[in-house]
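There are 2 protein chains.
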Amino acid sequence: MNKTLEAEVTQLHAEICAGLADPNRILILYALSQGPRNVTELCTELEMPQPLVSRHLKVLRERGMVTTERRGTVVTYSLGDDRLIQALDLLRAVMHDNLAKRAELAQAIL
Amino acid sequence: MNKTLEAEVTQLHAEICAGLADPNRILILYALSQGPRNVTELCTELEMPQPLVSRHLKVLRERGMVTTERRGTVVTYSLGDDRLIQALDLLRAVMHDNLAKRAELAQAIL
DNA sequence: GAACTATATGCGGATAAACGAATGTTATTG
DNA sequence: CAATAACATTCGTTTATCCGCATATAGTTC
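Chains as they are written, first to last, in this note's numbering: chain A, 1 to 110; chain B, 1 to 110.
Treat the hints as calculated values from the structure; they're not laboratory data. Take these hints with a grain of salt, some might be off.
[Said to hold, decoys possible] Just some of the chain A residues that point at chain B, by a computed CB distance under 7 Å:
{"hint": "1", "residue": "L12"}
{"hint": "2", "residue": "P51"}
{"hint": "3", "residue": "N98"}
Every residue gets a Cβ at the ideal spot worked out from N, C-alpha and C, and that includes glycine.
Modelling step: build the complete structure from the supplied sequences, incorporating the hints.
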């Protein structure tokens, strides 16, 4: 694997990570992990304006993180890969441990 | 869990994800997964200028994703949590599957 | 094809991220 | 207290991201 190619792969890797790096997209992905949803359903479920949901879905779509199916005017989105949720869960656990450690430190100072 | 608190937690979750969302930081994290490294070692190993490495390490440090230990003037960085690599590996696998699917589609078109 | 519903996109502004280049800081050593 | 080595930070610029608001497109129904 030459350097340029490896850099491109790492770039793509980072783009998938960037797909997770927004609170609203995290909420959308967890909602989709419960099952397919159309845009309107996501809007009401997450209390987000429709253009905002659509744009975040576009980001996820471009990265292959969700899939779509159209039925009439309704577009139903599905989670593209369960491992996205597995990864999010791992990172959430890391975050919780970090919070716990910070709390310990704060305790030690007092 | 009230709405505001949940939003804050999701925000932190997204910040961890954002910590992964840069090619240079991904390279740094994988390097650290092989064992602790000091800044100079990371610079030579990854062929990155030192200020760049330091700034990325700062991002990771602020999010609790790496830990540091100072010995004289040398600061050694360690991976803060193995699950970061587990998550990166999962996402890398997702990316590879996406690439494979795209290749299939391209094939189907021809 | 007009009206309607569902979804997508464009625009503009605000905020944040990334980088190279230069400079600061900290700790060691003579 | 130089001089040096190892890191960290600041500055200025460029580029990207996020959002609200408005508007466009696609598909259905009459």
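N98 of chain A was flagged as interface toward chain B. Is the shortest Cβ-Cβ separation under 7 Å? 4 Å, holds
Restraint satisfaction for P51 of chain A [CB to CB of chain B, less than 7 Å]: With a minimum Cβ separation of about 20 Å from chain B (threshold 7 Å), the hint on P51 of chain A is violated.
Minimum beta-carbon distance criterion (7 Å), L12 of chain A to chain B: 5 Å, holds
Hint 2 from the earlier list is the only one contradicted by this structure; the remaining hints agree with it.
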